[in-house]
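One letter stands for each residue in the lines below.
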Amino acid sequence: MEKSRPFNANMLLMHGALVVYMIIALFPVFVIVINSFKKRKSIFREPLALPDADSFSLIGYETVIKQGDFPLYFQNSMIVTVTSLFFILLFGAMAAYALSEYRFPGNKWMGLYLALGIMIPIRIGTVAILELMVSTGLVNTLTALILVYTAQGLPLAVFILSEFMHQISADLKNAARVDGLSEYKIFFRIVLPLVRPALATVAVFNMIPIWNDLWFPLILAPGEETKTLTLGSQIFIGQYVTNWNAVLAALSLAILPALFLYAIFSRQLIRGLTSGAVK
Amino acid sequence: MQRSPVRWHIIIFLTPAVLVYTTVMIFPLFNTLRLALYNRIDQERVFVGLQNFKALFGDTLWSEPFWNALGNNLWFFVIHMLVQNPIGIALAAILSHPRLRFAAFYRSAIFIPTILSFVIVGFAWKLILSPLWGIAPSLLDTVGLKSLFAPWLGKEEYALTTLALISVWQFVGIPMMLIYAALLSIPQEIIEAGEIDGITGFSAFWRIKLPLILPAIGIISILTFVGNFNAFDLIYAAQGALAGPAYSTDILGTFMYRTFFGFQLQLGDPHMGSAIASAMFGIILIGVCIYLFGIQSRMRRFQF
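In order, the protein sequence lines correspond to chains E and R. Residue numbers are given in the working numbering: position 126 of the first sequence equals residue 126, and the series is strictly consecutive. All you need for the working numbering is the position in the second sequence, starting with 1, plus 1000.
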């Protein structure tokens, strides 16, 4: 018989601990966002109060929109993130298919070679990457960033996707071969749709680090035309340090897209993290 | 059936990934290691052997900031191991309790800081801890601890620890999720067998579950190690490239950035920058090898 455990103290303690930690995790975000909607005076006088009719003001947002070219930064970040993800998924899936489907000499070595990059951060090679981009004239282009992020994302993508492709039944592919489908058609029509969940996991894993990266935009594409949202807000905030309204508004504007993406993809992300895809 | 001797489709499937990965990642990595052996003398690139490393480890001009950055980086890592991972494990242990309600809600909320960029996190905490704004002192005041407040990010003795704790705040979600997954994969029979033997509650966690999730803890440790020794963004966003006050928050990433890219009056030096990058490469490689050969191979993977 199940021991009757009414509302026990243990459970209360567990909820208490989680609520306390949740407040610690969300408090800074909350403070930044509410104060971005206030007049300067109220920001300092009552930083923890919600904005009301008296203290409400959008002056910070007006400054940000007038002074910074945030729509352009946003567009650059979108282009870089989406294009890199596209190439990571396409090239990663193609390589993973070659490694998991065909036996050829050097198959194992190729797999090991591609896996090297999982543990070694690409930043170590920055000096030579910069030289490479200078010599090919790609400095201050979004292409440079896309190339770097694609290279950075490929090792883990190949690793995860080939694990998944191993599980696809061979009968399915052989049946398609008997029907006369080419290897390319088998890949695009049969294999890719079957590994869609894995593709989504890989995309979500790569999305956040690419969107948030500061290092490569700072070094490879610091020009006004190619600034990403992360770099743009870093520089904007640096210039407006004393204009608290503008800084708080810029921070809130940078938080919102991240929260928005998280709201859409959090289930995918959490499923990916907890499904053992990274083991 | 005649098969063409060269199976072109394999080559076509592999080429794009291998090409991009090799030219943009592997080749620059080795090129950086090579550049560390050169120096610029009279506008010419000259091979100097291990001179740069000799300077980096021995010449006070270079070795002092290098050992300072390395020491700071170690402390940064120690804080993560001592604070981030235990908190992550504790949260995961609570979340995995089978009768806990709202677990998914707590989990998603606690993970939010992890998705924010370092720029947001760095500035947000800078504002909150700022003595000008006074959120931190007034919060401390409500619990009667106002006397404890100090401008933590501005004091040499606290700044690095404060930044490490901010980074912990941001990334606690990762160990939480991975440990949570490991805890859920423990089969119920094992827990029940323990219950029959009278091991329940806290001691069940300590004596049954914890040993079973050791492999996951190992993975988290190596991820933390690689992430920390390659960190840069948070320090740069909060303290700038000079990693102030007085270089007290300088870690290898910021040191390498200043050296190879140049900053203010200091001219960029790609060769010394490569030497620092090579040192970082060595450190990360040692860490990964210790993990792969020393820890992972000794840990039994429990097959259920």
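Derived by calculation from the structure, the hints in this document are not laboratory data. The beta-carbon is built from N, C-alpha and C at its ideal position, and this holds for glycine as well. Each hint should be verified, as a subset may be incorrect.
Unchecked claim - The calculated label-pair distances, taken between Cβ atoms and stated as ranges, are:
| # | chain 1 | residue 1 | chain 2 | residue 2 | range |
| --- | --- | --- | --- | --- | --- |
| 1 | E | N107 | R | I1199 | 23 to 33 Å |
| 2 | R | Q1296 | E | L72 | 44 to 54 Å |
| 3 | E | L256 | R | G1154 | 24 to 34 Å |
| 4 | R | L1184 | E | S169 | 20 to 30 Å |
| 5 | R | L1210 | E | R271 | 19 to 29 Å |
| 6 | R | D1059 | E | P105 | 46 to 56 Å |
| 7 | R | S1203 | E | I190 | 33 to 43 Å |
| 8 | E | Q268 | R | L1210 | 25 to 35 Å |
| 9 | E | S169 | R | L1050 | 52 to 62 Å |
| 10 | E | G16 | R | I1199 | 38 to 48 Å |
| 11 | R | L1132 | E | Q67 | 42 to 52 Å |
| 12 | E | R271 | R | A1150 | 37 to 47 Å |
Unchecked claim - Examples of chain E residues toward chain R, derived with CB under 8 Å:
| # | residue |
| --- | --- |
| 13 | A25 |
| 14 | L112 |
| 15 | A115 |
| 16 | V134 |
| 17 | G137 |
| 18 | L138 |
| 19 | T141 |
| 20 | L147 |
| 21 | T150 |
| 22 | V158 |
| 23 | R177 |
| 24 | V178 |
| 25 | L181 |
Against the structure, the hints come out as follows:
no.: 1; hint: E:N107 with R:I1199: 23 to 33 Å; in the structure: 47 Å, violated
no.: 2; hint: R:Q1296 with E:L72: 44 to 54 Å; in the structure: 46 Å, holds
no.: 3; hint: E:L256 with R:G1154: 24 to 34 Å; in the structure: 30 Å, holds
no.: 4; hint: R:L1184 with E:S169: 20 to 30 Å; in the structure: 27 Å, holds
no.: 5; hint: R:L1210 with E:R271: 19 to 29 Å; in the structure: 25 Å, holds
no.: 6; hint: R:D1059 with E:P105: 46 to 56 Å; in the structure: 49 Å, holds
no.: 7; hint: R:S1203 with E:I190: 33 to 43 Å; in the structure: 51 Å, violated
no.: 8; hint: E:Q268 with R:L1210: 25 to 35 Å; in the structure: 29 Å, holds
no.: 9; hint: E:S169 with R:L1050: 52 to 62 Å; in the structure: 55 Å, holds
no.: 10; hint: E:G16 with R:I1199: 38 to 48 Å; in the structure: 25 Å, violated
no.: 11; hint: R:L1132 with E:Q67: 42 to 52 Å; in the structure: 22 Å, violated
no.: 12; hint: E:R271 with R:A1150: 37 to 47 Å; in the structure: 43 Å, holds
no.: 13; hint: A25; in the structure: 5 Å, holds
no.: 14; hint: L112; in the structure: 12 Å, violated
no.: 15; hint: A115; in the structure: 11 Å, violated
no.: 16; hint: V134; in the structure: 10 Å, violated
no.: 17; hint: G137; in the structure: 15 Å, violated
no.: 18; hint: L138; in the structure: 10 Å, violated
no.: 19; hint: T141; in the structure: 14 Å, violated
no.: 20; hint: L147; in the structure: 5 Å, holds
no.: 21; hint: T150; in the structure: 5 Å, holds
no.: 22; hint: V158; in the structure: 7 Å, holds
no.: 23; hint: R177; in the structure: 11 Å, violated
no.: 24; hint: V178; in the structure: 12 Å, violated
no.: 25; hint: L181; in the structure: 12 Å, violated
Hint violations for this structure: numbers 1, 7, 10, 11, 14, 15, 16, 17, 18, 19, 23, 24 and 25, all remaining hints satisfied.
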